[in-house]
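Sequential numbering from 1 applies to the sequence shown in our numbering.
Rather than coming from a laboratory, the hints here were simulated on the basis of the structure. Nothing here was measured: the structure is a model prediction, and the numbers come from that model. Take the hints with a grain of salt, since some may be wrong.
[Claimed, not checked] Under the rule of at most 25 Å between Cα atoms (straight-line distance), these lysine-lysine pairs were calculated in the BS3-like manner:
| # | residue 1 | residue 2 |
| --- | --- | --- |
| 1 | Lys9 | Lys208 |
| 2 | Lys231 | Lys339 |
| 3 | Lys375 | Lys112 |
| 4 | Lys208 | Lys339 |
| 5 | Lys375 | Lys208 |
| 6 | Lys112 | Lys208 |
| 7 | Lys339 | Lys405 |
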Amino acid sequence: MGYNSTWFKPGRQTQWAITVNCLNAFFLLVHSFANPPNEFVDTVSRFGYDQGVFGGLISDPDFLEVVKHPSEAFLGFIDSIEAYRKARLTTPCTGVGIDTSTVPMYQAELCKSHVRGRLVTTEVLFTALGIAVAYFFAFGMNFVGGAVAWRLPIAAQILPAVIISIVLFGLPETPRWLIERGRIEEATQVMCQVYGTGPEDEYIVAEKAAIIEALEIENANPFRWTHVLRKDRVQTGWRVWLAVLALTFNQWSGINVIVFYIGTVLVVNVGLPRSTALVAGGCMNLAFAVGSLVPAVYLDRIGRRNPMIYGTIGLGLCLMVISILLSYQGTSSEAVTSKVSIAFFALYMLIYGTSLNAIPWCYAPEILPLKARAKGTSLAVMMYWVWSFTIVMVTPTMITNIRWKTYVVFMACNFAIAPAIYFLFPETARLSLEEIDNIFIKDTVSIISSRNLMDTE
C-alpha cells in the first residue's frame, strides 16, 4: 500500500486514524457473532449476521431457504439469487481471514510497547460492542415488516466500510515491513509521522536499530513453514505454536456455545419464553462488552498471563455451576435452578470479556518474531476459525442430546487451559516486540522461567 503523508498531521492525528480504522474493522467484523441459530430465529427474529467482515446474512427462514444463507454488505442493493450465492461464498473466504489476521498485527507494529496491549484489545472490545448492537438491532427489526427488515441492517454496513476503505489509502505501512524490504528511509519517515517527532528522536533511533538488529538475527535463518517443527535461535517454531494455542484457547473456552446459541440455550436448557430469551441474550452481550473494558484500559498494567489464567478458572467455575443448576431439569427444583443459571451465564460473559476475549488477539502477533509474524498470525487465526466452525457445528447436537453435560465438556477445557498458560506462556507486557525476541534468544532464560519476567521488574 502506498503512503501519502499529507493525509494526516504527524503524531496524534495519524495515531488516531490508525486506531479508529482498526477499531471500525473489528466492529464491522463482529456482526458475525450476533446471529441466533435458525431454530430460534424462525420465531423471534427476522434476520441476523453471519461471519464475515463488511457483511452479514439474512436469517429470515423463507429467505434462507431460497438463497442459501447469503452475506455481504452490498447485498442490500442486489436482487439476483446468483449474486447472493457468490457473495455468500466470497465473504468468509476474503473478509474474515484478511481482517482477523492482519488488523491486530498492523496495530501492534504501529504503537509503542506501553500502549500496545490497550490498543489491540480495544479492537476486540469493539467486537463485543458490535455483538450487542447487532443483537438489539435484530430484536428491534423483528417488529418491522417487509424487505426493509433485513435489507436495511445489511446495507447500513456499507457506509463505515467505505470510510475504512478510503482512509486505508492514507495510512502507512509498518516500519518493520519497510525495513525488512530495505526501505529504511521510508520507514524512518513513517515513524516520524506516527510518533510526531524528528528522525533524530531518541526513541525512533533506538527503535530503528532494534528492528534492524532483530532482522539480522532472523535473516540468518529465514522463516520457512518447516520451522514450526524445529528450533532456531529465536525459537520461531515454538512461538508459532504459542500463537496458535492462544487463539485456540479463545475457542476452547466455550464462548461460541453462549454467543452463537444463547437464544437456543435459554429456551431449551433454561426454559425461558422465546421473546424473553432474546432480550436476556442481549443483556448478556452487554455484560460481554462491559467485561471487555477491563483489558482495553488496564491490560498494560496487569499483564497478559494473569488475566488469562484467572479468567479461565473463573469461566470453568461458571460452567460448573451452570451444569449443576441445569442438571435439575425435570425435577421440582427446575424452575428455580434454571432461572439462577441465567446469572451465571451473564457472569461467564463478563469474565470472558476481561480475559480470553481480547488478550489472545494481542498476545498472538506480539509473541511472534518479525519474519514469522504474518504467516504465524495467519496460521493462528486459521486455527481460531477452524475451532470456531467445529464448535458451532457440534454445539446444537450437544445441547439437544447431552443438554447440561455440554457445559461440563467446556468446563474441563477451561480448567486445562489455566495450567497450560501458567507453564507455557511468557509475560510480554510492556516489552517492545524486539525485547520479546530476547526472552527466547537468551540461553539462560527458559520459556517457563520467563513467565515471571514481569513480576521481577
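Quick rundown of the hints versus the structure:
no., hint, result
1, Lys9 x Lys208, "holds, 22 Å"
2, Lys231 x Lys339, "violated, 52 Å"
3, Lys375 x Lys112, "holds, 22 Å"
4, Lys208 x Lys339, "violated, 57 Å"
5, Lys375 x Lys208, "holds, 22 Å"
6, Lys112 x Lys208, "holds, 13 Å"
7, Lys339 x Lys405, "holds, 18 Å"
In terms of the numbered hints stated before, the structure departs from hints 2, 4, listed from lowest to highest.
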